[in-house]
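Chemist: Here is what each chain is made of, one letter per residue.
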Amino acid sequence: MSTTVVNTGTEGKTWGGGNKPLNASYGKMMMWFFIVSDALTFSGFLAAYGFSRFKFIDSWPIADEVFTHFPFLHGVNAPMYYVAFMTFVLIMSSVTMVLAVDAGHHLNKAKVTLYMFLTIIGGLIFVGSQAWEWGTFIKGDYGAVQTKGGNILQFVDTEGHRVALRDFVVADAHNERTQHERKEGLWFVSEGTLPTYTVEEVLHGLKSHENVLVRTQIINEAGEKTVLSRAKSLEQIEKNGKVVVEGANLHVNEYGSPLFADFFFFITGFHGFHVFSGVVINIIIFFNVVLGTYERRKNYEMVEKVGLYWHFVDLVWVFVFTFFYLV
Amino acid sequence: MAHEHKLAIFRGLVKFKSNTQKIWGVLIFLTIVTAIEVVLGIIKPEILMGKVLGMKALNWIFIILTIVKAYYITWDFMHMRDELKSLRRMVVWTTIFLILYLIFILLQEGGYVFNVYKDGFIKRDF
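Protein chains in written order, with our numbering: chain F, 1 to 327; chain D, 1 to 126.
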C-alpha cells in the first residue's frame, strides 16, 4: 500500500501549528500590546512630571491649595472632594463595563445594552467634570504677582489665609490701557488678555492694607509656603514685581511654577482625550450591540476588548489622581 | 472564550458565589481604598509626615494604596486573574520593569538638577 503524504507528521506536536499557547484571541492579544505601550507613554509623562517636581522640590505648588473648588459651592474650601468624586465616577463606569462583559458571556443582549449605556453616561460625566476642572484652573481665583525671575508672589493676611487681589487692589480708572487687537492697525501684532490690575496698583493696594503680606513659593520645614514680613513684602513687590497673573495658561500660572500648569494641561488633557475616544468607541460598540451584530455572531468578545481599553483608562486615572492630587 | 472565573480574592480569604458578586465586592474594596486616600489627604496626620527613604511616610502610603488599586483593576476588571500565567507575566513584568527604570533615571536626574541650582552653581532665583 502506497502512502500519500498529505500531512507533515507534526500534528499535535509543539511546533505543528495551531497551538494557542497564551489561550487568548488575536484581538485580545493586540489590545494588551496596545495597553502596554500606552501605559509606557503615560509613565513617561508622569515620570517627566516627577523630574520637574524634583528639580523644584522646594517650591512646587501644593495641590490641596490649587484644587479647592466644588461646583455650586462657591467660596467653600473643599480640597480634593471633587476629584475624589470624579475618581469614583470612573471606577463606577469601569464596574458597569465589566458587568456588560459578564452579561456578554451569558449572551444576554438586554443587559449588555443597559450596562454599555451606563458606562457611556459615566464616561461623559467624567469628561464634563474634567472640563469644569480645567475651566476653574484656567480662570484662577486669588491672582498673584510674577517677579522678574519668574517666581510667583501670592498674598495672605496675618493669619495666613489667602487674600485675593480684588480684595485689596483698586484699579486706577485713569490708567486704563485697552488690549491691542489685530483689527486696530498693526494686523500682525496681537497680545493676550490684559490683567485687571498693574503691578503699581498692587503695590499701592499693599501699602494701604497693613494686614496683607506676601507669600513666596519656597516651602519651609513645616511643609508650608514661606510668608514674608511686612517690610520684606513691600520690598519684594516694589523691586521685583513684573506682571500681574490671574489664572493659568501655558506661560504663566498664579499657583506657582508654570511647569505645574503645563503638566496639568498635558497629562490630564491626554487622559481626557483617552476617555473621550473611549466614549466614542463605546458608543460604536453600543450600537453594534443594539443592532444585534454580536447576537448573530454568538460572541460578545468585542465588548470585552473595548472593556479592556476602558479599564485601562480607569487604571491610568488612578495614577494621575495619586501623583497630581495626593502626593 | 473562557467562561470560568476565579472567584476568590485576597489569596482565597474572600470567596464569591458568582462573577457579578465579585465585581461588586471589588468595587466596595476600591471605594474604601479611595476613601482612605482622600481622608488621609485632607487631615494629613502629623505622625505620617516624617521622612521614610527620602519621602514622607504619607506619600509612601498613597503610592502603595494606588498600586493595590491598580492590582485589583487589572486582575479583576481586566480579567488578568483568569489569563494564563505566561500572558500575565509578559504584560505585567515588562511594564513594571520599564517603568521602574524610567522613574529611577528621571527622579535621580531631577534631584541632581535641584542640587546644581541649590549649591549656587547656576543662579536663577532673583
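None of these hints come from the bench; they were simulated from the model.
A portion of the hints provided could be inaccurate.
What the hints assert, rightly or not - List of simulated lysine-lysine pairs, DSS-like, C-alpha gap at most 25 Å:
| hint | chain 1 | residue 1 | chain 2 | residue 2 |
| --- | --- | --- | --- | --- |
| 1 | F | K239 | F | K28 |
| 2 | F | K148 | F | K13 |
| 3 | F | K109 | D | K6 |
| 4 | F | K239 | D | K118 |
| 5 | F | K28 | D | K44 |
| 6 | F | K28 | D | K6 |
| 7 | D | K15 | F | K55 |
| 8 | F | K225 | D | K56 |
| 9 | F | K239 | F | K225 |
| 10 | F | K225 | F | K20 |
| 11 | F | K242 | D | K17 |
| 12 | F | K225 | D | K85 |
| 13 | D | K85 | F | K13 |
| 14 | D | K17 | F | K20 |
| 15 | F | K111 | D | K17 |
| 16 | D | K17 | D | K56 |
| 17 | D | K15 | F | K298 |
| 18 | F | K28 | F | K109 |
| 19 | F | K55 | D | K85 |
| 20 | F | K20 | F | K148 |
| 21 | D | K118 | F | K55 |
| 22 | F | K232 | F | K242 |
| 23 | F | K109 | D | K17 |
| 24 | D | K85 | D | K15 |
| 25 | F | K111 | D | K6 |
| 26 | D | K6 | F | K20 |
| 27 | D | K6 | D | K51 |
| 28 | F | K148 | D | K118 |
| 29 | D | K118 | F | K232 |
| 30 | F | K305 | D | K118 |
| 31 | F | K183 | F | K207 |
| 32 | F | K305 | D | K51 |
| 33 | D | K118 | F | K225 |
| 34 | F | K225 | D | K44 |
| 35 | F | K109 | F | K305 |
All values reported here derive from a predicted model rather than from experimental measurement.
Chemist: Each hint needs a verdict: does it hold in this structure or not?
Modeler: Results of checking the hints against the structure:
1. K239/F <-> K28/F: The given pair, whose Cα atoms are some 62 Å apart, is violated under the 25 Å limit.
2. K148/F <-> K13/F: Since the Cα atoms of K148/F and K13/F sit roughly 74 Å apart, the hinted pair is violated (cutoff 25 Å).
3. K109/F <-> K6/D: It holds: about 24 Å lies between the C-alpha atoms, which stays within 25 Å.
4. K239/F <-> K118/D: holds (23 Å)
5. K28/F <-> K44/D: Distance ~42 Å between K28/F and K44/D Cα, so the pair is violated.
6. K28/F <-> K6/D: holds (19 Å)
7. K15/D <-> K55/F: Distance of about 47 Å is beyond 25 Å: violated.
8. K225/F <-> K56/D: With a Cα-Cα distance of about 17 Å, the restraint between K225/F and K56/D holds, given a limit of 25 Å.
9. K239/F <-> K225/F: Measuring from Cα to Cα gives roughly 21 Å; hence the hint holds.
10. K225/F <-> K20/F: Outside the cut-off at roughly 59 Å; violated.
11. K242/F <-> K17/D: violated (66 Å)
12. K225/F <-> K85/D: violated (49 Å)
13. K85/D <-> K13/F: holds (21 Å)
14. K17/D <-> K20/F: violated (30 Å)
15. K111/F <-> K17/D: holds (20 Å)
16. K17/D <-> K56/D: Cα-Cα ~41 Å, so violated.
17. K15/D <-> K298/F: Judged against 25 Å, a Cα distance of about 30 Å means the pair is violated.
18. K28/F <-> K109/F: holds (21 Å)
19. K55/F <-> K85/D: violated (40 Å)
20. K20/F <-> K148/F: violated (64 Å)
21. K118/D <-> K55/F: holds (10 Å)
22. K232/F <-> K242/F: holds (16 Å)
23. K109/F <-> K17/D: holds (23 Å)
24. K85/D <-> K15/D: holds (21 Å)
25. K111/F <-> K6/D: holds (22 Å)
26. K6/D <-> K20/F: Answer holds: K6/D to K20/F is near 21 Å, not above 25 Å.
27. K6/D <-> K51/D: With a Cα-Cα distance of about 40 Å, the restraint between K6/D and K51/D is violated, given a limit of 25 Å.
28. K148/F <-> K118/D: holds (19 Å)
29. K118/D <-> K232/F: holds (22 Å)
30. K305/F <-> K118/D: Violated - the C-alpha atoms of K118/D and K305/F are around 50 Å apart, more than 25 Å.
31. K183/F <-> K207/F: violated (39 Å)
32. K305/F <-> K51/D: violated (43 Å)
33. K118/D <-> K225/F: holds (18 Å)
34. K225/F <-> K44/D: holds (16 Å)
35. K109/F <-> K305/F: holds (17 Å)
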